[in-house]
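> Protein sequence lines correspond, in order, to chains L, E and A.
full-length UniProt numbering puts the first residue of the first sequence at 1, with every later residue one more than the last.
full-length UniProt numbering puts the first residue of the second sequence at 1, with every later residue one more than the last.
full-length UniProt numbering puts the first residue of the third sequence at 1, with every later residue one more than the last.
By construction, these hints were calculated from the structure, which means they are not laboratory data.
Every value quoted in this text rests on a predicted model; they were computed, and no experiment measured them.
There's no promise every hint is true.
You can't tell identical chains apart in this list, so a pair holds if it fits in one copy or across any two.
Stated by the list, open to error - DSSO-like, lysine-lysine: derived pairs with alpha carbons at most 30 Å apart: (1) K218 x K24; (2) K76 x K314; (3) K89 x K205; (4) K314 x K35; (5) K314 x K32; (6) K255 x K76; (7) K255 x K89; (8) K89 x K212; (9) K116 x K315; (10) K251 x K162; (11) K225 x K314; (12) K76 x K165; (13) K32 x K116; (14) K314 x K24; (15) K225 x K76; (16) K37 x K205; (17) K37 x K165; (18) K21 x K236; (19) K224 x K255; (20) K76 x K263; (21) K205 x K225.
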Amino acid sequence: MKTFFNVEDIGNLDQALAEAKEIKQNRFGFQKLGKNKTLLMVFFNNSLRTRLSTQKAALNLGMNVIVLDVNAGAWKLETRRGVIMDGDKSEHLLEAIPVMGCYCDLIGVRSFAGLKDRDYDYAETIVNQFVQYSGKPVFAMETATVHPLQAFADLITIEEHKKSKRPKVVMSWAPHCRALPQAVPDSFAQWMNAADVDFVITQPKGYELDPKFVGNAKVEYDQKKALEGADFVYAKNWSCPGVTNPADYGKILNKDMNWTIDKQHMSWTNDGYFMHCLPVRRGLIVTDDVIESDHSLVIPEAANREISAEVVLKKLLESL
Amino acid sequence: MKTFFNVEDIGNLDQALAEAKEIKQNRFGFQKLGKNKTLLMVFFNNSLRTRLSTQKAALNLGMNVIVLDVNAGAWKLETRRGVIMDGDKSEHLLEAIPVMGCYCDLIGVRSFAGLKDRDYDYAETIVNQFVQYSGKPVFAMETATVHPLQAFADLITIEEHKKSKRPKVVMSWAPHCRALPQAVPDSFAQWMNAADVDFVITQPKGYELDPKFVGNAKVEYDQKKALEGADFVYAKNWSCPGVTNPADYGKILNKDMNWTIDKQHMSWTNDGYFMHCLPVRRGLIVTDDVIESDHSLVIPEAANREISAEVVLKKLLESL
Amino acid sequence: MKTFFNVEDIGNLDQALAEAKEIKQNRFGFQKLGKNKTLLMVFFNNSLRTRLSTQKAALNLGMNVIVLDVNAGAWKLETRRGVIMDGDKSEHLLEAIPVMGCYCDLIGVRSFAGLKDRDYDYAETIVNQFVQYSGKPVFAMETATVHPLQAFADLITIEEHKKSKRPKVVMSWAPHCRALPQAVPDSFAQWMNAADVDFVITQPKGYELDPKFVGNAKVEYDQKKALEGADFVYAKNWSCPGVTNPADYGKILNKDMNWTIDKQHMSWTNDGYFMHCLPVRRGLIVTDDVIESDHSLVIPEAANREISAEVVLKKLLESL
């Protein structure tokens, strides 16, 4: 594995889940792989879970870790050729990225969608530059359109808690006070489509995700109908993906609080589990009683971030 | 030892001092204990000595260290239930703290007193939430009311320099231009009361510390009388603890420069040592000649922060 | 080696280059030296290359690394004696620096020239205080007037690419939109004067470097004449060093774009290599085609920063 952005990158999904199970029982068993290897974590945006869990996974593998916080405002990279750089951009990406590649063996990059230019975001402009110019394997720590370490951790969590061979998993849009990127729902959809689950997406009209992530998922606009019989309810807000109307990209079209997951919503399910990637706004996405119930998996999902990261780092190290 | 906030937590004080002495001679002798164990240091406030010395101590023990700087302004945690989180608080402590606990074995927390709400500060609201919800052993890297790593380092320093079996130790209030918390004097009083020393507190009227920290200490409002015969002078400013008048909590009641420790003050002592936890404002707390004299212990105290932290981390690791 | 600021500190230059060559083939071969040794990196200014490469070098040697970012604005150190510290300076350097020395074995310091007070900058006031008061070996991670880790990496790169025993190396001033310090050209001049090369400096009138760095270098104000026959072109901007007119210190005297290194400039050389320490402003210092050509050494120079740092750290460790 030379990069990690999409579900295909991890190879056979059943084998990856088996590897996750093995690593969870034996986190420190692969330190020969990481010895004298350095992970560089580049953050263009803030992070709590990703920062901690990825560091922990790398340390489990015996790696060295260097964390670089790039203040996106302060360190603007020039991307054009033929320009006189006499403005606020003090370095060109064609130098900055190969230089970062000099001092490490693997690079993780976090760079959120700006939500202003759909084409720029969906082209994954920033991380593709890292892939092209760093000379080192690159993996996503949440990019403009994907957050695969989260989706993989979610899949591990579903695998650990499922009560039937092919559970019903419903990803439900929920309201939020700020415009959020689509990276988490995009990746979750992509991974669920690849997994052995019955996957349904439910959302208000206008919130359709990009077709390349929706794939063959069933889309159901009636939230109640979608949730009926669900084994897992994956709540998440996202801003308008701009599929039907590109001018709406990144906007908040709807704050309908009827979509907030409460006890009544959960009563429609098959005694289902509640899931969310965190951080979560209580009262908007989910009510206190649901997230605090014994059917809430939010903390196990977070804990599995260490495991998904360790599997991914291990596979990247094995391919060096 | 499952938590470290108060002097009782360390167990027998003589044994702890003996362990400190042993560790100071053999800092790298306990690395089996720390192997594959991760310390998470969470800072809600700035730090120089605590940040460096605690990291150093953990590295001495062979631990991995992850440092998390929480910008108190940017990352506000919701603490109430039943609220719609549509304001500036993007995460609830009931998720954030267990998540942090997922990725480490021990947690150190720095969270200063806000000095606005005495009940909130003295209830140790923030760190108690870490104890309750993180699922991991928690220790203080200076909380609202205690700074035990400092007090333990101070006691080690006194032990190393005392010339009699039961030295006289005087903690003297001194003036300052800003309102400071009471965590350092609170802990120092608590530890001195537990140690085999003759302990006196001297301060202007109105600056009485909370009775639970004063304990059986002798309180003397006449600074000269207090300092007479002192073997160690522990200077420190603190703002009004609000014991006699809660409305004065956190205020500066007095800037009397007669309390500044100068050569004359030291002349009243038994050829005593000068101590301060640092950082110190010269000219307000102490004069240049006193802090630079060969009877100043401020640098040895700071150096012993590595030792007190290593003893505490070792004890926490042994209890895992 | 107890400090590392000037070329003399490294000892015999041929031996140092031989050691660099050996380390580049065997980066992890000296981990016994670094075991249980801690490097403290103190940054008063931002850093990308120095931060990453020095960390990487220390990790190669098996050291522990602690990074301290000092916000120069927020943490002002008092340097005078006899003053009442009731202003914005909360700590005196006479305490802060020895304290930092308590928790490490080696200290690297980055502290740029302020470009306001030539005497203060050229006296290296800040780093000399670290040398005097920390009690530990100190090395430059770019100071007010020197950046020896860069100059050493540049020399290694020249050694690796030279086609004759004594190549011609030309350092050429180039225009820039901001006032930059002289640390890089100062050190480069110092190291080239000590190396077995034919060294020429070319710059507009008024940009003369301090004589102690110019040494015996040939100075040629006609850029074309200087570049003729050059094997290596080392482009760099610097602000006025204030040698002929101290009142001009730190000012931009000239933005003449005829000094920008383009293909025509390179055509005057002996099929020469282009060098720059990075970050570089394209269009001002150098054109896209020159920096992107197969004769550009900017990335190899950056990669050799890991090597120069490892040689220096190794020598400092050997002298402990």
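> Each hint should be assessed against the structure and marked as holding or not.
Hint by hint, here is what the structure shows:
In this assembly of identical chains, the alpha carbons of K218 and K24 never lie at most 30 Å apart, being 32 Å within a copy and 56 Å across copies at closest. Neither within a single protomer nor between protomers do K76 and K314 lie at most 30 Å apart by alpha-carbon distance, with minima of 32 Å and 35 Å respectively. In this homomeric assembly, K89 and K205 come within 30 Å of each other (Cα to Cα) only across copies, at 28 Å, whereas the closest approach inside a single copy is 40 Å. Taking the closest pair of Cα atoms, K314 and K35 come within 30 Å of each other both inside a single copy (12 Å) and across two copies (20 Å).
Taking the shortest Cα distances, K314 and K32 sit within 30 Å of each other both inside one copy (11 Å) and across copies (24 Å). With identical chains, the CA atoms of K255 and K76 are at most 30 Å apart between copies only, with a shortest distance of 23 Å across copies and 34 Å within one. When the C-alpha separation of K255 and K89 is checked against a cutoff of 30 Å, the pair qualifies only between copies, where the shortest distance is 18 Å, while the shortest distance within a copy is 38 Å. Taking the shortest Cα distances, K89 and K212 never come within 30 Å of each other, neither inside one copy (34 Å) nor across copies (33 Å).
In this assembly of identical chains, K116 and K315 lie within 30 Å of each other by CA distance neither inside one copy nor across copies; the values are 34 Å within and 51 Å between. Proximity of K251 to K162 under the C-alpha cut-off of 30 Å is found in neither arrangement, the shortest distances being 35 Å within a copy and 57 Å between copies. Taking CA atoms no more than 30 Å apart as the test, K225 paired with K314 passes in neither setting, with 41 Å inside one copy and 56 Å between copies. When the C-alpha separation of K76 and K165 is checked against a cutoff of 30 Å, the pair qualifies neither within a copy, at 49 Å, nor between copies, at 41 Å.
Taking the shortest alpha-carbon separations for K32 and K116, neither the intra-copy value of 44 Å nor the inter-copy value of 52 Å comes in at or below 30 Å. For a Cα distance limit of 30 Å, the shortest separation of K314 from K24 qualifies both inside one copy, at 13 Å, and across copies, at 26 Å. With identical chains, the CA atoms of K225 and K76 are never at most 30 Å apart, being 47 Å at best within one copy and 37 Å at best between copies. With identical chains, the CA atoms of K37 and K205 are never at most 30 Å apart, being 48 Å at best within one copy and 49 Å at best between copies.
In this homomeric assembly, K37 and K165 never come within 30 Å of each other (Cα to Cα): the closest approach is 39 Å inside a single copy and 36 Å across copies. In this assembly of identical chains, K21 and K236 lie within 30 Å of each other by CA distance solely inside one copy; the values are 26 Å within and 54 Å between copies. Proximity of K224 and K255 under a CA criterion of 30 Å is satisfied intra-copy only: 17 Å inside one chain copy versus 67 Å between copies. Proximity of K76 and K263 under a CA criterion of 30 Å is satisfied inter-copy only: 27 Å between copies versus 46 Å inside one chain copy.
Taking the shortest Cα distances, K205 and K225 sit within 30 Å of each other inside one copy (15 Å), while across copies they are farther apart (71 Å).
The earlier numbered hints that this structure contradicts are 1, 2, 8, 9, 10, 11, 12, 13, 15, 16 and 17.
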